[in-house]
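> Residues per chain are reported as follows:
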Amino acid sequence: MATKRLKKLIRTARSSVLQHQHKRNEGIPFDAECFQSININKSAVERRAATVGKRRSVKKQWQAAWLLRAISLIDLTTLSGDDTPSNVIRLCAKAKSPVRQDLLEKLEMQNHGLTVGAVCVYHNLIPTAVQSLEGSNIPIAAVSTGFPAGKIPLKEKLKQIELSVNAGAKEIDIVVSRDLVLQADWKALYKEVKACREACGDAHMKTILATGQIPTYSKVARASWVSMMAGSDFIKTSTGKESVNATIAVSLVMIRCIREYEELTGYKVGFKPAGGIRKAKDAINWLVLMKEELGDDWLKPDLFRFGASSLLGDIERQLEHFVTGRYSASFRHPMA
Amino acid sequence: MKIKEIFESMEYGPAPESANAANEFLDKHKRKFQLYIDGKWTKPVESKYFDSISPSTEQQLAQIADATAKDVDKAVAAAKGALADWVALGAHKRARYLYAIARQIQKHSRLFAVLESMDNGKPIRETRDIDIPLVARHFYHHAGWAQLRDSDLKDYEEIGVVGQIIPWNFPLLMLAWKIAPAIAMGNTVVLKPAEFTSLTALLFAEICDQIGLPKGVVNIITGDAKAGSALVDHKDVKKIAFTGSTDVGKIIRRATAGSGKKLSLELGGKSPFIVFEDADLDSVVEGVVDAIWFNQGQVCCAGSRLLVEESVADKLYKKIRARMEKLRIGTSLDKGIDIGAIVAPVQLKTIEDLVAKGVEEGSTLWQPSWACPKDGYFYPPTMFTDVSPSSSIAQVEIFGPVLVAMTFRTHTEAVKLANNTIYGLAASIWTENINLALDIAPQVNAGTVWINCTNVFDAASGFGGYRESGYGREGGREGLIEYLKPKVGNSLSKKSFYPAPAASKNGKANKTALNGSIDRTAKMYYGGKQARPDGGYSSSVMSPAGQLIGEVSKGNRKDIRNAVEAAHAGKKWPSMTGHKKAQVLYYLAENLEARKSEFAARIKAMTNVSDKDANWEVEESIKRLFTYAAYADKYDGRVHHTTHMNVTLAMPEPIGVLAILCPDDFPLLGFISTVIPAITMGNRVVVVPSEKYPLSATDLYQVLETSDVPPGTINIVTGGKDELADVLSKHDDVEGIWYFGSAEGSKMVELNSAENMKRTWVNYGQFRDWGNEQYSAGEDLLRRASEIKNIWIPYGA
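Top to bottom, those sequences are chains E and X. Residue numbers for the first sequence follow this note's numbering, beginning at 5 and rising by one. Residue numbers for the second sequence follow this note's numbering, beginning at 229 and rising by one.
These aren't lab readings, by the way, just hints derived from the structure by calculation. Every value quoted in this text rests on a predicted model; they were computed, and no experiment measured them. Beta carbons: idealized from backbone N, C-alpha and C, even for Gly. Incorrect hints may appear among the rest.
Partial selection, computed: residues in chain X whose CB lies under 7 Å from chain E [claimed, not checked]: (1) M238; (2) G564; (3) A1025.
With beta-carbon atoms standing in for the labels, derived distance ranges [stated by the list, open to error]: (4) E:G329 - X:S539: 25 to 35 Å; (5) X:W269 - E:R104: 52 to 62 Å; (6) E:T220 - X:S539: 56 to 66 Å; (7) X:S539 - E:S334: 47 to 57 Å; (8) E:Q40 - X:H872: 47 to 57 Å; (9) E:K163 - X:P244: 51 to 61 Å; (10) E:Q40 - X:P670: 27 to 37 Å; (11) E:G329 - X:K230: 12 to 22 Å; (12) E:S84 - X:N251: 25 to 35 Å; (13) E:R104 - X:E236: 35 to 45 Å; (14) X:E252 - E:S84: 51 to 61 Å; (15) E:S334 - X:H257: 46 to 56 Å.
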């Protein structure tokens, strides 16, 4: 049972609207012509993906600064069957204070109010997160719509969204029905995602395509288009539960769709790679990818997030190495 | 810059690769390099040196020995001296040395990469991720070929001392492409790097030393054109391998004409990059980046002519411009740049002049908004639109980061535009339709065709040009042949092998053997029918006893012109399947068999050989037809093991229209032995039969007509051999020429062929035993009658 104080907190959380510098994607009417003729050449995409990180090098203070920026883009996540309030409380504490204070001071970033981009949990743990994040501006993201498989009736999906939004989640990560993607029932997919978006209201919606379960890049691109047309604020690669998670190549396919969608509609849609992003070097590669393919707007939390749980730990160690010149150990950094 | 500022701006910072190890190498040599001859650092005879400048800093890196002819003499002598032992060492021991070189390059890969980047101005990313790994790969691959040399290539032998001249755009990679196959096949080499970029070749010399490569097997002489020309002219050099400009390639062809030196030339290009409307345009954009902004566009196979289907042109141009804006230019050792410096001021000037000309001619120029660094020789990425094929920038190889874009309406027009060039090095085709891709690939005149990719290389695939992009291949099995010669046994001689005439009977011969029979003086034969000779002259054919046995028309340059046109019009033959071609060849054999005695009698009348020998020649000719009929559907290509998930098809293609000047001896077999392998590979031929014994060829007209040989396949012009050879070798629409005649005639043919880079096969006045099946028939002739096109098809869905 929620206490009176918690109810108030939830009210405040619900009423505060995310600050964005761009106009929110309202979606457009379904139009198969936009994506029907898409032909993605896999080997060419993979060649670009393999070299994009090697064409740029971010070193020294640039690396430190970019890694700090990466922290601000993390959806710090725990999505485990054995989550309890205790580990979520820890996670939220880490979200508010992601880097050791002495390191921040050395980096002259102590007054920057650096936090992660959001905390991402299952619905049941939203109240814990709301309480733990009190006073911070960190939004709570909740996975919804029968995450991760999505095998529940649409009615139930919409209900889940409503419940999570009411509980204080400001971001809802939904999963698409993979059967609709595999069967190329784009119209049905559009309707489903659009219904979810309506259920989200002011909460921002990230649509997970589960690209590891989509057989071709062309289909990934079509699913991206349908999700954007239906009003997704973000498109997201993976639940983290598929055997293949976010790759640079599949990200490239999706963000090129984002670019074309913006050209067509003027809406900027955000991107969230998720799953398997564990190393600071990976984070830099993704940032390079976003900067090169979409531009600096996509290096900010309103248009880019990492879905990650262990990435932060590696970044902390790299930052300590930058400050001290000594390789760090994970136990030297407070755990989440 | 403070972290919090970067945190806000998210800019890139400098990311310099350390030059320390490269500088140590230069310092160790006191920044003054000698020639590497016979395993020793040797001072140049004239003690002259030139400066090596780093293009992105304009700093002097070192002084380099300036070799002259005397130094070349020394180096060639060293290579010659090392040859016998190197050959005697055997395949396996040579393989060990090549393997050691590959390992050593890998172990010192970063030093090579940094030194190359400093010396050439190209981005460290490219030397580190592309050039040097390809160098190591080339030596590994050829260590394998060295091992297999005696088992897989036993019909061939080494050439001897090879002179190699390489360009500045891929200094170490071009060295690898030259040295690896040469020494793997048992040759010894003298290599001259380009004057602008000698340093990695000198580091390579050090590696040869470290692995204990026998002295004199590899000699490196640095210097300019005078050293190069001394190497080309040296009498002990048996082969020249050159990569560089078409102009210099032609000079080398002329300088070596008649010398018997084997040549491989990898020259310029203006390669088309063809984009169809169903292509993945975002991937096309990255392809364009790799095509024309790789190595500052200083790439012989750069996709410099963008041909786009009208329906997607504007969309693609917009995407390319956006991408260009994101390219980063800067000092070569920065790990975060896409474009480095142009190799030297003289090259920069050429680019600037050609771009100015493009603007002047009315094409629309686009360059990104950012500025190039002030120090160093930089030029921004550039795209021209509104270009027509007649613009200078559409025709001339710019060798810089300049793309010219044109549109096409139909697939046919795309092919026509692609082939509207004197070059034929490479092409890139972008479409998601495999049917379309594989339809266009064979139609484009280029040695390499990349489908949905570009500038992809691998040691297992041959690389080289069509047309004025040169000849010969580097890499793969096809590249090895350039460093080998077929064993000829006892099949070549200064004297004819033709059977001696039978003892002449006593008694006075009549003046004429015609004796009132109906005259059937042959005309010319082209386009599938006989045509009256332009000049209206005929010449007599006499028996050895001085009897007039017939007349043939005297062909002139107009007849050649007509025959070449007829050959080009004969499009049916090359498009027929191997099986269909075989049917026609068998049919020819059948019809020749039916008229065997008549052909034998004619041979006897012309040459006075014995009945037995005359019959033998006809029978041997029929056998030869069977041999090539058999090969017609069997001499085929390969699928090379190249990069991951890539089918690389090495397809033998016909050379095109081939001129054949038949040997004078072997009136029938000489014709059949040369013409039939040529057409077996799909060439159309213009043949000048034996000048002395032309009647066996003219008698064939009826056989050709009755054997379903499509019109234009075999075209015959009788007349004076050298007179017609002169016209044919100067004909720019003849793509190859085989000449069997005098030494002087051979020289003339090679000299004249330089202008349009015809593929030549001449006999330098030597006679060949055309009756010797082992050496004068079979795959080696089919190889000479074809060129390998490598088609790269990446896959994955």
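> Each hint: holds or not?
Hints versus structure:
1. M238: With a minimum Cβ separation of about 5 Å from chain E (threshold 7 Å), the hint on M238 of chain X holds.
2. G564: 4 Å, holds
3. A1025: Constraint on A1025 of chain X satisfied, holds at 5 Å.
4. E:G329 - X:S539: 25 to 35 Å: 57 Å Cβ-Cβ, so the 25 to 35 Å window is violated.
5. X:W269 - E:R104: 52 to 62 Å: Since the Cβ atoms of W269 of chain X and R104 of chain E sit about 57 Å apart, the hinted range of 52 to 62 Å holds.
6. E:T220 - X:S539: 56 to 66 Å: With Cβ atoms ~24 Å apart, the hint is violated.
7. X:S539 - E:S334: 47 to 57 Å: Since the Cβ atoms of S539 of chain X and S334 of chain E sit about 55 Å apart, the hinted range of 47 to 57 Å holds.
8. E:Q40 - X:H872: 47 to 57 Å: 31 Å, violated
9. E:K163 - X:P244: 51 to 61 Å: With Cβ atoms ~57 Å apart, the hint holds.
10. E:Q40 - X:P670: 27 to 37 Å: 31 Å, holds
11. E:G329 - X:K230: 12 to 22 Å: 19 Å, holds
12. E:S84 - X:N251: 25 to 35 Å: 54 Å, violated
13. E:R104 - X:E236: 35 to 45 Å: 22 Å, violated
14. X:E252 - E:S84: 51 to 61 Å: 53 Å, holds
15. E:S334 - X:H257: 46 to 56 Å: 47 Å, holds
Hint compliance for this structure: hints 4, 6, 8, 12 and 13 are broken, all remaining hints hold.
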